[in-house]
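Position chain B with the ligands against the provided structure of chain A, taking the given hints into account.
As you go down the protein sequences, you meet chains A and B in turn.
Using this note's numbering, read the first sequence as starting at 1 and increasing by one per residue.
Using this note's numbering, read the second sequence as starting at 1 and increasing by one per residue.
FYI, nobody ran anything at the bench for these hints, they're computed from the structure.
Just so you know, even glycine gets a beta-carbon here, dropped at the ideal spot from N, CA and C.
Honestly, I wouldn't trust all of these hints.
One side of the interface only, derived from the structure: several residues of chain A facing chain B at Cβ under 7 Å [stated by the list, open to error]:
(1) 153
(2) 164
(3) 182
(4) 189
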Amino acid sequence: MYLKTLHLQQFRNYRDQQVKFSAPKTILVGDNAQGKSNLLEAVELLATLRSHRALRDRELVLEGEQIGQISATLERHATPVDLSLIVRSSGRRTVSQNGETLRRQLDFLGVMNAVQFSSLDLELVRGSPSERRNWLDTLLTQLEPVYAYILQQYHTVLRQRNAFLKQQSGELSTPMDLAAESDLTQLAIWDAQLAAIGSRVIRRRARVLERLAPLAQTWHQAISNSTEKLEIHYAPNVAAESDDPSAIQQAFLDKLKLRAVAEQHQGTTLVGPHRDEVEFIINHTPARQYGSQGQQRTLVLALKLAELKLIEAVIGEPPLLLLDDVLAELDLNRQNKLLETIQDHFQTLITTTHLGSFDAQWLKSSQIFTIHAGRVLESG
Amino acid sequence: MNFGGTPTVYTRPLARLIEQLQRLPGVGPKTAQRLALHILKQPETEVHALAQALVEAKHQVGLCSVCFHLSAEPVCEICRDANRDPYTICVVSDSRDVIALERTREYRGKYHVLGGLISPMDGIGPDQLHIAQLVRRVSKQDIKEVILAISPSVEGETTTLYVGQLLKPFTRVTRIAFGLPMGGDLEYADEVTLARALEGRRDLD
Ligand SMILES: Nc1ncnc2c1ncn2[C@@H]1O[C@H](COP(=O)(O)OP(=O)(O)OP(=O)(O)O)[C@@H](O)[C@H]1O
Ligand SMILES: [Mg+2]
Ligand SMILES: [Zn+2]
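This is chain A alone, in the form it adopts within the complex (with noise of 0.2 Å):
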């Protein structure tokens, strides 16, 4: 797919800019805090309706204004596609598609997909789990939007019952088996959703990382020059013999019986997949606590890789790469191989401060844009 037209009013930092790509690689220049940044974060927003800095809309908004809107031209299939998103410092949002406001922003996931990649990813090696959760679920959302709907469900029953087992506990201690019967009915059908839509957010996940794993292995084998083996398991809190939906249900409900008292005394729900864990595991070593700077960065690179083609396999579309800052990060070996992929295939938007990190091919079959205080000027 090829972005063609980017125009950002009143996001971030950016009042009024239009944005016009005429290149399947762009390469964004700026000091720092110009707005480098956060023109990729448009893009990955119209992509996945996430940012991954942005707590709340209120940041998205130009500071002193009430309301901005990213609005996009893709080429999707040959065939054109308007897409526009509007945020409010309120938080609500409004998405459309070729003009047509949705009712669900379920149906704008999926249109544009977009693979980002930062210099803080190397936190999904080395961050806590809920790093690695985050892109999963990204990444599930972008193959099957769907998913977006299953998780929020997820999350909305886990507060639920969370709120339901912090009442309990507030209750004097009553031990649940003396607890009002009514209390105990309610009790079982928290368990029985958070069963039922957890097992459809464990299954998902289970699947995509058995897609991705052999990938994200082949490409670690290249980039280390076949030094290096990686391998990645799926750690779900909720561990079943088989992948049929019931069992993992019965799994689920097993694990919470054993977990009742302990869950009772905390208030909080303590099984499911809010718990899982991705294990990247490098030459039979864990490489969140044992890998070197250059193994973990292999291996995001490798990652990286894995969901381009990834994202390309399921959708029939090569999707957009947003490269933020990392290519200075990269030696020349791994410069080189990310860049072998790309070629001319995925439209990649690159930020840098120095044009001097680039090979001269590439500056030249580059289209160039330097970002200076919310303003893109096009320089090459």
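Below, chain B with the ligands alone, put in the same frame as chain A:
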């Protein structure tokens, strides 16, 4: 779309009116302003009539003591209607749902309005809803079927299952089949969808 544009300063009483209107659900600043200016242009008698209607509705409309639907009488018109099937009760979360279902003209039984959904986050448990009254109604009368017509949200599902479990010892319990928009309210479902959903109801397992 209007980018920017902070509201201009209104004279005090007008600002107060706009502020009150804006508290209504679905009314944003712009609509509130439009409504307020419209009201000011009306003849005084019209405005009085509006104000009086507001206050009187608030005074006179309460809840039906049988089904908890909005009613100006102790027992609502639907509950008093001898032509309606007294052996079937349709359970909904809100009075708005009764109104939506009545519009379909498909349903000829009685109702029971729960007054919300189970939601621990909002401090709403079964005791905050009209569930005990429903169980009493069903256990004391000869009810042939209870239809649960509650939106399929997470909270709606929990409420459906909860109420279903309490009622099953006494009668047949069904739930309407939802082809409704995801996360949609009954209120927003069009009449055709609702009518079809009523026909396609199934036993609660
Ligand atoms: N809502 C907002 N309104 C106005 N300005 C904002 C808003 N959000 C962020 N900014 C400004 O945007 C700038 C940061 O932009 P961005 O993160 O894109 O920088 P960058 O060009 O990627 O820099 P670096 O090279 O350091 O990564 C900061 O000056 C910040 O104050
Ligand atoms: Mg940046
Ligand atoms: Zn009544």
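Verification of the supplied hints:
no. : hint : in the structure
1   : 153  : 6 Å, holds
2   : 164  : 4 Å, holds
3   : 182  : 6 Å, holds
4   : 189  : 5 Å, holds
Taken one by one, the earlier hints all hold for this structure without exception.
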